[in-house]
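Undergrad: For chain H, the structure is supplied; the task is to place chain F on it using the hints.
2 protein chains.
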Amino acid sequence: MKPFGALLPFKQAVKVVDEHIEPITRTEVTGIDRAVGRVLAEDIVASQNTPPFDRAAMDGYAVIATDTSGASKETPCVLEMVGELHAGDSPGTAVGPGQCIRIATGAIMPEGADAVVMVEDTASRNGRIEIYKEAQSFSNVSKKGEDIRAGETVLSYGTYLDAGKIGVLASQGIQNVKVYEKPRVAIMPSGEEVVELGKELKQGQLYDINTYTMLSVVEENGGIPVRLGIISDNPEDILAKITEALNKCDFVVISGGSSVGEKDLIADVVEERGDILFHGVEIKPGKPTMFALVEGKPVFGMPGYPTSCLVNSYLFLVPALRKMARLPRKRIQTAKAKIARTTSGAKDRMQFMTVKVEGDEAIPVFTESGAITSISRADGYIEIEAGGSVEKGETVTVTFF
Amino acid sequence: MKPFGALLPFKQAVKVVDEHIEPITRTEVTGIDRAVGRVLAEDIVASQNTPPFDRAAMDGYAVIATDTSGASKETPCVLEMVGELHAGDSPGTAVGPGQCIRIATGAIMPEGADAVVMVEDTASRNGRIEIYKEAQSFSNVSKKGEDIRAGETVLSYGTYLDAGKIGVLASQGIQNVKVYEKPRVAIMPSGEEVVELGKELKQGQLYDINTYTMLSVVEENGGIPVRLGIISDNPEDILAKITEALNKCDFVVISGGSSVGEKDLIADVVEERGDILFHGVEIKPGKPTMFALVEGKPVFGMPGYPTSCLVNSYLFLVPALRKMARLPRKRIQTAKAKIARTTSGAKDRMQFMTVKVEGDEAIPVFTESGAITSISRADGYIEIEAGGSVEKGETVTVTFF
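Chains as they are written, first to last, in our numbering: chain H, 57 to 457; chain F, 57 to 457.
In isolation and in its complexed conformation, chain H is listed as follows (with noise of 0.2 angstroms):
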């Protein structure tokens, strides 16, 4: 059984897998109704003004401007109505110097005038117009190409769609975009004793809970997990498998087999095939957490243990699938909280306490990490220092998973 060299410090070894992560450069082609939290590939220069007209930014009426000078209620101005235009309306009618068009919202601006009076700023009276208040030049008019302007870039390439940003390429009538691809993440546990899902346990087996917590966290954060089966303690099959994995996948990412036991091959396997950047960080969970470039492809090997496997996969494999899937940081949320008992850290490692947060109480849930309600049962963790403690009734800050 060979022991750990020295054990990385936390921060230092997210460091290192930011350093080695490559943003994916293959892009596809998606319809834009299906393109929300995807990641343009192009840049998007608007062909066409928005609004393409000037247009009514209210209901009312089509005016020249300087017709309504020195308008208001008790010296209205009178106009004579010469047509209506809705939304739409392709305008015929041009309005002329003591005329008016009645407009909806949205309507096209007709020849002639350039303002809109409110509605609520008029009268109808015996078929004629009175205007009571003043227009400026174009008040409650959106002008052609006041949101975009044609030939302008609306959006880089790099940006996040969000529901706005989709908008803007519908504005265009742009209907197929380019993307960058979801990068492919291959996930394989190992260990004699892990028996898929839907088999009969034996003596001595456990169910695969891995796979299930990992593709869960790479569907979530812009990756397609691809299942390759349980890798068995065999160097032939290990090799084999992370092959086949490097071939298929942009990131592999392996759980069990890093620790110090017997026939933990793993590591072995990988160190022959490429670079073990770092094999084990000071925290608790997580201190087998291993982390290699292969073929120029980041490897994670994850403890094994359910809780540890997790919790890793949160600090580090997410942040590196996100910058590979050119994803913006996910937005660190914490809140404040009393923790409800006296909780130890660690002796030698930076523990992740895993809690559930209820009203104001942090309550620790950490019972340890081959349990899978370790963090089951968790809204987020807090920090403890190595050789720390925190007192009954402290505050301590949540970060929430």
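Worth flagging that the hints you see were computed from the coordinates, not collected in a lab. Being a predicted model, the structure only gives us computed values, none of them experimental. Treat the hints with caution; some may be incorrect.
Copies of the same chain look alike in the list, so a pair counts if it works inside one copy or between any two.
Stated by the list, open to error - Straight-line alpha carbon distances no greater than 30 angstroms define the calculated DSS-like cross-link-like pairs of lysine-lysine that follow: (1) K379 <-> K392; (2) K200 <-> K255; (3) K392 <-> K304; (4) K392 <-> K403; (5) K234 <-> K412; (6) K379 <-> K412; (7) K255 <-> K234; (8) K386 <-> K353; (9) K199 <-> K392; (10) K67 <-> K199; (11) K386 <-> K412.
TA: Just chain F, lined up with the frame of chain H:
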């Protein structure tokens, strides 16, 4: 043109919507590999203990704890090694007094042994094992059922399935679960000037933006968007489309046609078929927003202007849809920032002023409700009370979309 009646204050409008949304009751079965983000529709009772057996929590030696009594570096206790156990192995040999078995993390505990001494606290000398640390009964042993006990309800219906909860399902060997269906949301823009993407724009026409922003919002908040095409300004067509929408969907969202223009007929049709609960909210943008119940189903009338429509989708549709989908409320994310320039709100209504956050500055990006860039450039909004304003440099709270 009929003017609005009294506008409803924002908070009251939010409350009215909330009170009239029923969580969905239809369920479906899905694989746990596709269940992240879904909501459980059944209680999950553990069929088996996790771990299913007493197992080693560390690499080391399985011992009888009392054998190690008083052991220390100076006075080691010396044991005979009678076997070796890896994870997944079925134990054969039992541990008798004075004996130990080399054991790997996760391996089933051999008969007779009740504790594991970590490898770091031992040495192998002349074929015998020196133990340097006294073990307590069950130290470094994960006991059968200590994580999950057979017969206990591990997850209840209504539980939001995040990665950790998916792990709990996997630990029980569960491959498929019953989840609530995603609500089907009919999306229908209205307006004679609105044209489907892919068609040529004629004079006075605009591309349909709202369908694409709203379907993005629906997809990101647990709904299935159902596109039913653009509604023309014709009462028969409006009635036919709404009827179709009510037949096919759980929720209906119409944009446009709910303002005070002469040809805004949607509210009339909705009123004939159901109850309008409000039409007009004291906010900017969003004055014309309508909410109704028709045949017991919620119907939103969103403003037609792209920024108004999307802001109101975030304010009203997101919480309503999440409640119907039984998703947890969206965690509101805020940040303090200094406003980049003096900014006034609306005189008579609360203003949701869209802003972009750069460093510690909040830059107002709202130009007008008709502009899509008023929201596509925004990260979130600040609230300005009716008649209020914020001075350049003042600290404001930005709520992120």
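Undergrad: Which of the numbered hints are not met once you compare them with the structure shown?
TA: 3, 9, 10
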